[in-house]
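If you read the sequences in order, they're chains A and B.
The first sequence: position 204 = 204 (our numbering), numbered continuously.
The second sequence: position 375 = 375 (our numbering), numbered continuously.
Quick caveat, the hints were computed from the structure, so don't treat them as lab data.
Glycine is no exception: its CB is placed at the ideal position from the N, C-alpha and C atoms.
Fair warning: there could be bad hints in the mix.
Claimed, not checked - Here are some of the chain A residues that sit facing chain B, going by a computed Cβ distance under 7 Å:
1) C113
2) L116
3) P120
4) C146
5) V169
6) T188
7) P190
8) N224
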Amino acid sequence: MPPIVFADHAPRNVAASRLSVRIEGIGAWTRGAPDWPSMRALLRGEQGLREDAPGKPAAGALPAAERRRAPEGVLLATEIAAQACAMAARDAAGLPCVFASTQGELAITDYMCETLSVAPRELSPTKFHNSVHNAPAGYWTIATGCTAGSSAVSGYHVTFGAGLLEAAVLAAAEDTPVLFAAYDVAATGPLLEIARISRAFGMALVLAPCDEAAIPRITLTLRNRPAAITAAPAAVAALAQDNPLTAHALALLAALAGNTNSRLTLPAASGLLLDMEICT
Amino acid sequence: MAAHAQALRAGRGGLRVNDFSSATLACFIGRAEGVENAPLPQAFAHWECRNNRLAWLGLQQDGLLAAVERVIERHGADRVGLILGTSTASIGASEEAYRRLDDGHFPEDLARPAIHTPHSLAAFVAEATGIGGPALTISTACSSSAKVFASAERMMRLGLIDAALVGGVDTLCDSVLFGFNALELVSSQPCRPFDVRRNGISIGEAAAFAVLERIEAAPRALRLIGYGESSDAHHMSTPHPQARGARAALDQALARAGLEPDAVDYINLHGTATIKNDEMEALLLPEFPRASRASSTKGFTGHTLGAAGALEAVFALLAIEHGFIPPTLHCEQPFEGPHPWLALEPHEQRVNIALSNSFGFGGNNACLAFARAEA
Numbered sequence: 001m002p003p004i005v006f007a008d009h010a011p012r013n014v015a016a017s018r019l020s021v022r023i024e025g026i027g028a029w030t031r032g033a034p035d036w037p038s039m040r041a042l043l044r045g046e047q048g049l050r051e052d053a054p055g056k057p058a059a060g061a062l063p064a065a066e067r068r069r070a071p072e073g074v075l076l077a078t079e080i081a082a083q084a085c086a087m088a089a090r091d092a093a094g095l096p097c098v099f100a101s102t103q104g105e106l107a108i109t110d111y112m113c114e115t116l117s118v119a120p121r122e123l124s125p126t127k128f129h130n131s132v133h134n135a136p137a138g139y140w141t142i143a144t145g146c147t148a149g150s151s152a153v154s155g156y157h158v159t160f161g162a163g164l165l166e167a168a169v170l171a172a173a174e175d176t177p178v179l180f181a182a183y184d185v186a187a188t189g190p191l192l193e194i195a196r197i198s199r200a201f202g203m204a205l206v207l208a209p210c211d212e213a214a215i216p217r218i219t220l221t222l223r224n225r226p227a228a229i230t231a232a233p234a235a236v237a238a239l240a241q242d243n244p245l246t247a248h249a250l251a252l253l254a255a256l257a258g259n260t261n262s263r264l265t266l267p268a269a270s271g272l273l274l275d276m277e278i279c280t
Numbered sequence: 001m002a003a004h005a006q007a008l009r010a011g012r013g014g015l016r017v018n019d020f021s022s023a024t025l026a027c028f029i030g031r032a033e034g035v036e037n038a039p040l041p042q043a044f045a046h047w048e049c050r051n052n053r054l055a056w057l058g059l060q061q062d063g064l065l066a067a068v069e070r071v072i073e074r075h076g077a078d079r080v081g082l083i084l085g086t087s088t089a090s091i092g093a094s095e096e097a098y099r100r101l102d103d104g105h106f107p108e109d110l111a112r113p114a115i116h117t118p119h120s121l122a123a124f125v126a127e128a129t130g131i132g133g134p135a136l137t138i139s140t141a142c143s144s145s146a147k148v149f150a151s152a153e154r155m156m157r158l159g160l161i162d163a164a165l166v167g168g169v170d171t172l173c174d175s176v177l178f179g180f181n182a183l184e185l186v187s188s189q190p191c192r193p194f195d196v197r198r199n200g201i202s203i204g205e206a207a208a209f210a211v212l213e214r215i216e217a218a219p220r221a222l223r224l225i226g227y228g229e230s231s232d233a234h235h236m237s238t239p240h241p242q243a244r245g246a247r248a249a250l251d252q253a254l255a256r257a258g259l260e261p262d263a264v265d266y267i268n269l270h271g272t273a274t275i276k277n278d279e280m281e282a283l284l285l286p287e288f289p290r291a292s293r294a295s296s297t298k299g300f301t302g303h304t305l306g307a308a309g310a311l312e313a314v315f316a317l318l319a320i321e322h323g324f325i326p327p328t329l330h331c332e333q334p335f336e337g338p339h340p341w342l343a344l345e346p347h348e349q350r351v352n353i354a355l356s357n358s359f360g361f362g363g364n365n366a367c368l369a370f371a372r373a374e375a
């Protein structure tokens, strides 16, 4: 079989393989910390989770009718995406986006498998089209009028690092700001024992290509030698106990919540790590 | 690939009466032969499921595993990326677990969390090939495995990797058969793309892969010369009626390749045989001169969903390599708009430049442009 090659440019930066992106906006949601300011306060130990908090993201970016019908992952992903775009003061209509989720819409997977096992012809058409992994990307681009490319990715237990790398590559290669959103929702039914995720959590970033002077900035380097993975801060570790995506996202958010430059290491693939320098 | 080229050139399709779904459903399907009798090697038994079996069958074809070994040897395992597209991955195994629940729990043989996740395919292929670079699943419904070419090219252009294995695998499962049936998009006949009587899709399954390297590494190989990605911003399951997103992806692919439409010899259309997709996609064709040939190969294979992008990229490459235009199988009375461009019979013709369109739910569009090496 012949290899296929791309007839474009020579590699820009073969030896270094360093990617820098400026953090223009941050969004975050979990029950009790529904935005970046409250998540940052939580990570700094300034306040705890609000016990009386609503269990569903507000998802104000969606039209009211969609908001009532949309599944939880769509509410969560569009909520954090909208927060990050607002902070970045970027119009979502022109932003390419990468939505990363370990498992996608687990409650719909449970519904589909359950219905198919008893009455396959009664499957709901709406639930079916909401079951695609890119449902949040679809609802988001429709709600914001975004005609740029949109993607939906997964990497099982390294979804966060793999998705962040994909978004940073897109920003750097295409020289454009990019919306990155990482989220998971809780499993239900028999799937809970298998997929294990019991808490909805999401975070989003607007990333823009930059040089190594811009702040706040993440500089990413791939590493193929073993190193310790940065853990989520102990105070919030309970939020992440059943989902590596949440643990990895919290480790990065904790670095962004700090006032000093820091380094962290997260997994991006099996045997491949992502070293990150965070300059705030 | 030789068998595919032969079938496409002879106008011989592979659709058959549905004998797959767990309950009766009157439709035609593109079912891969022999998957049931091809268990994974013992070393990979923990990845066992229909989708990974089909992936493994695909990896055995056309010297692909040897090609992957060569790029790993040449560049190092961590300099080779793995980007695969799938829409439903191994959801068939999750469906089976629900049919066979043991007192509310997954049966023991299926209580393997790593197969009940969208990344099941890519995680298996990473282990099976030893690829150690970035590994990613793209799951954007029916554009999934077209977008993998774009992602791999970007990583290569930035110097993060030197080669990549890209592709897509999706297998038949109740979710898609009864899901598309619920949307009233499944034909009871073999699908008839661009025919006035078309009334829906036939669902198929496929594994398709390609190895990408930089041009210097293989100057005479076929080339990916452009790609475009866009969103419709219109509707979750209906394409934009004026083809806004599809046209944006196409125009971007041409612009990136530095091509005018008149350079295009062949367009492998998405051509699902739904009323709306084909009506929308036909609006793109007047951009091309009458000499450009276009066809949908869904009548041969059925709609292979998340594998369609990579499968039809391979068909576009076969058209270039062997010099032929695949026909739009089962299209007997094309509607007026696309008629002048549609290839209805197979014919031999030199193809220098070929495009492939892929459009998915959520209004997710991709277009790929391929060429032969410059003389």
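Exercise. Which of the numbered hints are not met once you compare them with the structure shown?
Worked result: Violated hint: only 6; rest satisfied.
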